[in-house]
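Asks: Using the sequences and the hints, build the whole thing.
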Amino acid sequence: VTTIARRTTDTAATGLDRHRPLVLGLSGLVILVGVWQLLTATVASGNILWPTPWQVLHGMITDGWGFYWPNIQTTTWEAIQGFLWGNLLAVAVAVVTVLIPLLERPLLRLSVVTYCLPIVAIGPIFAIIFSGEEPKVALAAIAFFFPTVVGTVVGLRSSDRTSLDLIHAFGGGSWKKIVKVRLWAALPSLFAALRIAGPAAMLGAIIGEDLGGSSGLGVAMINAEQTLDITRTWGIAIAATVVAGIAFGIVALLGRLVTPWARAAS
Amino acid sequence: MTAVYSAVTDLTDGTAADQDALGQPGAGNWPRRAAKAVVVSVARGALTLVTVIAAWYAFLAIFHVQDFVGKTPLDVWRYLVDAPAGNLSQFYQPSLITLRDAGLGLAAGTVAAVGASLSFVLWRVAAAVVMPMAMVLRSVPLVAMTPLIVGIFGRDLTAITIIAALVTFFPTLVNVSLALRRTPQESLDLCHAYGATPLITLWKVQIPNALPALFASLRIAAPLALTGALLAEWLATGQGLGNQIITAQAQSEYDLLWSGVVLVTLYSMILYDLIGLAERMIMRRFGAVLTGRCSHDDHPYPRHQPGRRRGRPCPAHRRAAGSHDDGWLPAHRRPRHPA
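Residue numbers (this note's numbering), protein chains in the order written: chain A, 1 to 266; chain B, 1 to 339.
The set of hints was computed from the structure by calculation and includes no laboratory data. Incorrect hints may appear among the rest.
What the hints assert, rightly or not - With beta-carbon atoms standing in for the labels, derived distance ranges: (1) G154(B) <-> T42(A): 14 to 24 Å; (2) T162(A) <-> A54(B): 31 to 41 Å; (3) L254(A) <-> P208(B): 33 to 43 Å; (4) D67(B) <-> W77(A): 24 to 34 Å; (5) W261(A) <-> Y57(B): 35 to 45 Å.
Computed from a predicted structure; not experimentally measured. All C-beta atoms, glycine included, are put in the ideal place defined by N, C-alpha and C.
Replies: Shown next as structure tokens:
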């Protein structure tokens with residue numbers, strides 16, 4: 001009885017105060033900025049490597065939209081290209097593993113290898129093989145290849161047994177099953193993987209730019225660091241964070257719109 | 001996402017054969033099982049090797065890479081092993097440094113993340129305050145913040161450990177605390193009914209329940225920690241494999257570059273597989289926590305005996321289908337007769 005009572009009060013509380021998680025989450029952000037301010041005011045006061053939040057904000061406003069927007073544009077465009085290529089390839093690989101069981105094990109092991117291949121290590125190789133913005137796109141694509149493959153395979157496998165039997169009974173083969181049932185069943189799990197693919201693509205593009213390039217957030221960051229403009233380095237890091245957060249949010253929103261039947265979990 | 005990651009274990013290793021070979025409790029037949037396990041893992045390694053080499057050649061061919069720039073597996077082998085000077089030895093010291101950096105980072109990040117997750121269970125408000133931020137920070141290109149961390153903590157081991165730890169901290173924190181929260185309500189109710197304190201509930205129920213998620217996060221985090229260590233070595237300390245690889249690129253020493261990448265990937269995969277091995281050995285101690293996937297509709301079900309994971313219906317579906325399973329087991333798998 002106590003448990004039931006407790007559960008009821010829990011749901012009542014969440015029902016009444018729907019904005020509580022938002023408030024608590026925002027207070028986390030406020031605490032973070034507060035601790036940062038406190039540290040810079042006490043322990044690290046006068047330390048040139050550790051600017052206060054207000055200095056960083058002021059620096060970002062001084063640099064302005066004209067400085068950030070072209071860099072964000074370059075990096076985001078590379079990340080988007082990488083996102084499309086990497087996910088297309090990953091979904092194709094996942095479909096092949098389900099279509100041809102013989103290839104399942106080699107392909108999945110190969111995906112694990114791409115995951116174990118540190119992007120910092122493969123970056124230089126891409127940099128010497130490809131030219132222009134290609135290495136950044138390739139790095140962005142490889143950064144999330146494995147999670148998308150796993151997400152899609154899990155999704156393809158989790159399809160409803162009865163629906164598969166139905167297709168089978170009407171004479172459909174594995175391809176029909178994939179098109180009519182499995183791909184739809186895979187969507188929620190695919191979107192869960194895509195949510196982290198967006199920020200990962202940004203990271204790949206930024207590391208690609210660190211290795212050489214003419215414009216972009218990574219290039220700007222290296223430049224700022226080399227000219228010892230610490231405030232601007234912080235500003236660029238925050239800008240990269242915000243863009244990655246927006247990418248996460250867009251995919252999450254898209255996932256919710258496309259797969260309204262999926263539970264809003266994790 | 002956690003579900004996706006914990007499926008990594010099911011998908012990428014643990015064939016029925018090596019599960020049987022490694023997972024049998026009891027002492028009987030150990031030479032046979034050990035032999036089987038060795039054969040299976042050698043075969044699996046060979047398969048991986050063949051696939052990787054084929055993909056490597058295919059990559060070079062598809063993108064028409066020049067011979068001077070793109071090295072084949074054979075080139076790397078010749079450079080590392082066949083060369084008279086013995087080029088392998090120059091990787092020895094940097095490898096040790098990189099593995100130390102990555103190992104420290106992985107350990108520190110995991111310990112911190114597990115500690116934080118446990119305190120979140122006992123103190124809910126902290127979770128509500130920190131978790132949304134952790135969700136956001138997990139998706140932040142933390143490695144891109146290397147210059148800032150170096151600026152604050154200097155260019156020594158502390159900075160490298162912090163960078164590698166940060167990369168591993170957030171995925172582990174999110175996965176483990178979600179798993180701790182997903183404990184079946186029935187188990188929690190049982191603990192409550194017996195008057196267990198939150199600490200005892202945590203120790204007896206929630207921690208064993210979160211072990212699979214912890215291992216999944218560990219193997220997800222191991223390559224990330226290596227990436228963090230390499231990046232820190234490149235941007236901060238100028239030691240280790242990270243620095244060696246970047247220097248090789250700058251000086252157009254392409255044999256050195258490709259060999260370095262091969263070695264790093266090898267370490268990463270060995271780390272990944274070692275964690276998998278540890279996972280299987282430890283999970284054997286928690287037999288009841290192991291889950292199988294029912295071949296009927298792929299739902300998970302608890303297995304008290306380690307054994308085949310897929311391709312077999314759960315007991316309930318076996319009964320419901322009135323299947324041909326008559327309970328026969330091969331001799332070495334039959335339960336011992338109770339006295």
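Asks: Next, verify each hint and record whether it holds.
Replies: Right, here's what the structure says about each hint:
no.: 1; hint: G154(B) <-> T42(A): 14 to 24 Å; in the structure: 19 Å, holds
no.: 2; hint: T162(A) <-> A54(B): 31 to 41 Å; in the structure: 39 Å, holds
no.: 3; hint: L254(A) <-> P208(B): 33 to 43 Å; in the structure: 37 Å, holds
no.: 4; hint: D67(B) <-> W77(A): 24 to 34 Å; in the structure: 32 Å, holds
no.: 5; hint: W261(A) <-> Y57(B): 35 to 45 Å; in the structure: 44 Å, holds
Every hint, counting from the list given before, is met by this structure.
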